[in-house]
Amino acid sequence: MPVRVLVAKPGLDGHDRGAKLVARTLRDAGFEVVYLGIRQRPETIAAVAVQEDVRIVGLSILSGAHVGLTEKTAKALRDAGAGDVLLVVGGTIPKRDVARLEAAGAAAVYPTGTPLETLVESLQTLSAQIAAPS
Amino acid sequence: MDDTVRSEAGIPLEVSYGPEDLPASESIPPPGTFPFTRGNFPDGYRGRLWTFRQYSGFGTPEESNARYRYLLEQGGTGLSVALDLPTQCGYDSDHPDVEEEVGRVGVALDTLADVEILFDQIPLDAISTSFTINGTAAIILAFYVAAAEKRGVDRAKLRGTIQNDILKEYVSRGTWIWPPRPSLRLIADTIEFCAEEVPRFNAISVAGAHFRDAGANAVQEMAFTLMDGITYCDEVVARGRMTIDEFAPQVSFFFYTHGDFFEEIAKYRAGRRRWARIVRERYGAKDDRSCMFRVGCVAGGASLYAPQAHNNIVRVAYEALASVLGGVQSMFTAAWDEPFALPSEDSATLALRTQQVLASETGVSRVADPLGGSYYVEALTDEVEARVIEVMGDLEQRGGMVKAVEDGHLHRLIADEAFRVQQTVSSGERPIVGVNRFQTDEPTPEMEGYELDEAGRARQLERLVEVKSSRSAGDVAATLDALGKAAAQDDVNLMPLLVDCAQAYCTLGEMVDVLRGEWGEFVQPTVF
Numbered sequence: 000m001p002v003r004v005l006v007a008k009p010g011l012d013g014h015d016r017g018a019k020l021v022a023r024t025l026r027d028a029g030f031e032v033v034y035l036g037i038r039q040r041p042e043t044i045a046a047v048a049v050q051e052d053v054r055i056v057g058l059s060i061l062s063g064a065h066v067g068l069t070e071k072t073a074k075a076l077r078d079a080g081a082g083d084v085l086l087v088v089g090g091t092i093p094k095r096d097v098a099r100l101e102a103a104g105a106a107a108v109y110p111t112g113t114p115l116e117t118l119v120e121s122l123q124t125l126s127a128q129i130a131a132p133s
Numbered sequence: 000m001d002d003t004v005r006s007e008a009g010i011p012l013e014v015s016y017g018p019e020d021l022p023a024s025e026s027i028p029p030p031g032t033f034p035f036t037r038g039n040f041p042d043g044y045r046g047r048l049w050t051f052r053q054y055s056g057f058g059t060p061e062e063s064n065a066r067y068r069y070l071l072e073q074g075g076t077g078l079s080v081a082l083d084l085p086t087q088c089g090y091d092s093d094h095p096d097v098e099e100e101v102g103r104v105g106v107a108l109d110t111l112a113d114v115e116i117l118f119d120q121i122p123l124d125a126i127s128t129s130f131t132i133n134g135t136a137a138i139i140l141a142f143y144v145a146a147a148e149k150r151g152v153d154r155a156k157l158r159g160t161i162q163n164d165i166l167k168e169y170v171s172r173g174t175w176i177w178p179p180r181p182s183l184r185l186i187a188d189t190i191e192f193c194a195e196e197v198p199r200f201n202a203i204s205v206a207g208a209h210f211r212d213a214g215a216n217a218v219q220e221m222a223f224t225l226m227d228g229i230t231y232c233d234e235v236v237a238r239g240r241m242t243i244d245e246f247a248p249q250v251s252f253f254f255y256t257h258g259d260f261f262e263e264i265a266k267y268r269a270g271r272r273r274w275a276r277i278v279r280e281r282y283g284a285k286d287d288r289s290c291m292f293r294v295g296c297v298a299g300g301a302s303l304y305a306p307q308a309h310n311n312i313v314r315v316a317y318e319a320l321a322s323v324l325g326g327v328q329s330m331f332t333a334a335w336d337e338p339f340a341l342p343s344e345d346s347a348t349l350a351l352r353t354q355q356v357l358a359s360e361t362g363v364s365r366v367a368d369p370l371g372g373s374y375y376v377e378a379l380t381d382e383v384e385a386r387v388i389e390v391m392g393d394l395e396q397r398g399g400m401v402k403a404v405e406d407g408h409l410h411r412l413i414a415d416e417a418f419r420v421q422q423t424v425s426s427g428e429r430p431i432v433g434v435n436r437f438q439t440d441e442p443t444p445e446m447e448g449y450e451l452d453e454a455g456r457a458r459q460l461e462r463l464v465e466v467k468s469s470r471s472a473g474d475v476a477a478t479l480d481a482l483g484k485a486a487a488q489d490d491v492n493l494m495p496l497l498v499d500c501a502q503a504y505c506t507l508g509e510m511v512d513v514l515r516g517e518w519g520e521f522v523q524p525t526v527f
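Line by line, the protein sequences give chains A and B.
When we follow numbering that gives the first Met the number 0, the leftmost residue of the first sequence carries the number 0, and every step to the right adds one.
When we follow numbering that gives the first Met the number 0, the leftmost residue of the second sequence carries the number 0, and every step to the right adds one.
These are calculated hints, taken from the structure and not from any lab test.
For every residue, glycine included, the Cβ atom is placed at its ideal position computed from N, Cα and C.
Fair warning: there could be bad hints in the mix.
[Stated by the list, open to error] Taking lysine to aspartate or glutamate and the DMTMM-like style, the derived pairs with C-alpha atoms no more than 25 Å apart in a straight line are:
#	chain 1	residue 1	chain 2	residue 2
1	A	Lys94	B	Glu441
2	A	Lys74	B	Asp93
3	A	Lys94	B	Asp93
4	A	Lys94	B	Asp345
5	A	Lys94	B	Asp440
6	A	Lys94	B	Glu344
7	A	Lys74	B	Glu453
8	A	Lys74	B	Asp96
9	A	Lys94	B	Glu337
10	A	Lys74	B	Glu98
11	A	Lys94	B	Asp153
[Stated by the list, open to error] Sample of chain A residues with no beta-carbon within 10 Å of chain B, all distances over it, derived:
#	residue
12	Lys19
13	Gly63
14	Gly67
15	Ala79
16	Gly80
17	Thr91
18	Thr124
19	Ser126
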């Protein structure tokens, strides 16, 4: 069974080149991708995650507003009863914010410059962990 | 295996070019002569140098004002205002959904009060100001006119540009609000308003730059942009109130210059010739000034990389040279640290110096269109133009730009090209120094990220509260009501009503909400 991933951009930032490249790369790597697009409210992302029964939600944020938006999306997922969905975040993220994002609920963080192969491998590892909980 | 050597946009290239590759002489008359392949002006840059226009603006109006005054003192000759995303998308700073984004990628403008501070002590009748604003462009223009007149500057003296190009927002930049139809109407309103009342102000800067940064190649960038230009001109002409010659001189264009040196030069020359012919042939322009393709550009953007980041200084310098050899009218040179930080004062100054060295020391501006007649450059100009015509023809046949925006066709073309380029970078087929060639252990600079100034945001919110409590509630209600009523009709120009709203200190969000009530909201196709 392919793993379902939701790719979305919360907040107002419209730079979606990276999000689309990631969506297409994941699809080619065997994931089932739901691409929600830009300017999505955290509550909408959570609702779609539940509706589409995805295991992973990937956020792409280039505006610098990643910490607040990740916190809000994590909370929205919990509120929607989808607290077990893995949240991962990519974008223009300074190193010093990685820990803050992890504290906010991100299972993995992919700053600009992360090779696409690295991202795919990381998501495959995370998926395997979901499939076979220890 | 295909061993053809190609340009970045995929144009096959010969080993060398000769006299047989030159176009007919009517395609390349002297500079300043229709169809302007060799430039808009007979004296090239001797009469008027290009404008050094550095994009900047962040945080509060006070901070941005200080940066603008600094840039002008350093010899900048125009301002370019960056606005935060809430302002671009039509939300006031106190909207609950936008708290993380206030003042983040640009300055927050909620009411006329902010605009008055932003331009404090800046001579509005002497400098030109460009606003990268689209969804809310008409409102920002209303703020600017109102701010100037409050200081006693006649609106007829204002110079500058609002980007005001919504079609590319639906595809690649994302700051839309309303659907295409009412948005086109509002854009036509601003074009008419500027032609009649703010005659030295460009009502629109049709921008290919964002298609480019989203992944389009140089040919697509030019073709999509000219198609957008046609869509806007069609809209104004169809109203029957204005001829092309009455407004075309206030239409300008905006592009990215990336790394393929000769292709970029050819792109600008081809675009100039194509637009001139479109304006004359499609709209029957009688005045050659209507046919001129006035171009601003950015050197940088997606052509810059974080690894070995100082290499970006060199990239921007070559791109700036290509832009000038292509004959642009204004330029923003990006700072080398742009891929991972908001530019520092040092890097922003160096970016400006890059243009100053080019203009003052290289002699590049001494002779108009120095590459005119080059076998290669002329042949490449012809080839770029032929391919632009082909892409435009395909789009027109499919039903035009609004349809391509609504059904996701344009999104798909750009995503396909972005994916193709990514593959050629990953495979090393497209060499990039420091990324897939000549890599070193030099650590990639840390992404700096801009810590939001919480105090600045608090000040912004405080001012909004202050403005709301000191303005006349009656004036606010009356001007907003008039705006809503006019929006429901098709034949009323909304600009004077927006100026009334601005003068009554209505907020940007209030004006947007009234129009959203009448017009609804755009829903973007999600194609990847």
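Hints violated by the structure (numbers, ascending) | Those not satisfied are hints 3, 11, 12, 13, 14 and 17.
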